Every structure is written in structure tokens, then in C-alpha cells.
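Q: Sequence:
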Amino acid sequence: MQQSLTTPKTATQFHHDAKQWQQIIRNNVGLYNLLGNFEFGKDVFSHDVRSSWLEQPMGQSWVACGDALLAFDPIAGQGLFNAIYTGMKAAETILSSTEYTHHHADYLTEINQIIKTYENRRYLLYKQEQRWSENPFWQAHQTITKTT
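Numbering-wise (the working numbering), the sequence shown opens with residue 29 and increments by one.
Hints in this document: simulated from the structure, not taken from any laboratory. You may find that some hints are simply not true.
As the list claims (entries may be wrong) - Mimicking DSS-like on lysine-lysine, the simulated pairs with C-alpha atoms at most 30 Å apart in a straight line are:
{"id": "1", "residue 1": "K144", "residue 2": "K117"}
{"id": "2", "residue 1": "K47", "residue 2": "K70"}
{"id": "3", "residue 1": "K155", "residue 2": "K144"}
As the list claims (entries may be wrong) - Simulated restraints, written as ranges between beta carbons of each label pair:
{"id": "4", "residue 1": "L152", "residue 2": "Q48", "range": "28 to 36 Å"}
{"id": "5", "residue 1": "Q51", "residue 2": "S89", "range": "42 to 50 Å"}
{"id": "6", "residue 1": "N55", "residue 2": "E138", "range": "44 to 52 Å"}
{"id": "7", "residue 1": "N140", "residue 2": "L63", "range": "37 to 45 Å"}
{"id": "8", "residue 1": "Q51", "residue 2": "R78", "range": "20 to 28 Å"}
{"id": "9", "residue 1": "T145", "residue 2": "T171", "range": "17 to 25 Å"}
{"id": "10", "residue 1": "S125", "residue 2": "L59", "range": "47 to 55 Å"}
{"id": "11", "residue 1": "Q158", "residue 2": "H132", "range": "38 to 46 Å"}
{"id": "12", "residue 1": "T171", "residue 2": "G58", "range": "23 to 31 Å"}
Every value quoted in this text rests on a predicted model; they were computed, and no experiment measured them. Beta carbons are placed, not taken as given, at the ideal position from N, Cα and C, and that holds for glycine.
Let the hints inform the model, and build the full structure from the sequences given.
A: Written as C-alpha cells, this is what we have:
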């Protein structure tokens, strides 16, 4: 069985390796037909797009929002919506911080609810996909547990 190149574990092995990426293109008929003898330049940059978020989303004189706060899996996440929404909530928190100290706790509660909702959505989405159940990418993502 061919090694899956889309799992985070295997992708990190050739993170910035132009020759490895070119070999992947040559070995994948669909990509090769699309790109042909495409040659990467000297520098190749790739980024991990797994889910992550700040454990401390705010501090004295700062509030994180958008992608600085939450980075969600592009298949299961709602990145643009979350960026706009957390930006608005961060602004509300900042503007009202001198009047109401409970806004900090409200912001933290709201962020934790967004994360919980996302984790449950991600769980359901990956569990639903059955067409490629033998593919290592889907196997790895279908072992994600549901948040209660």
C-alpha cells in the first residue's frame, strides 16, 4: 500500500524538501497531468493546517482573535466566520473592559463554546465519510473523539 502523503505525520518528513514534492507530483498521475514537469524553486514553504488554539486567549492589555486565536481544520472548520465573529467579540470585550469586568469571562466562555462546537462538528464530519475508509488520512481523522 502506498504511504499516504496527506497525514500530518508523514507530511512533516518532507516539509520544505523541493525534491520530495517534485517526486510526489511525478508519482501522482492526476497531479502530473495537471502540473507536468513543474519545477519548484529553491525554497518550498508548507504549513501545518491542523487544529490549534491558544490556551490563554487574552492577557493584560491584549485579546487574541481570528487566526491568532483559533486555527481550525479547513475541511471541518469555519475559519472566515470564526475570524469575523471572534474579532467582533474581542472588540466588544476591549470596549467594555473598563465598564464591566465580567466581559473577560464572557469572552473566554464564548471561545470555549466555539472550540467545543468545532470539535463536535469535526468529529461528525470525519465519521460520516466512508468512501475512503482504508486511506490513512481518513483513518487517522476518524479516530478523533467527540467532545462532551
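Q: Which of the listed hints are not met by the structure?
A: none
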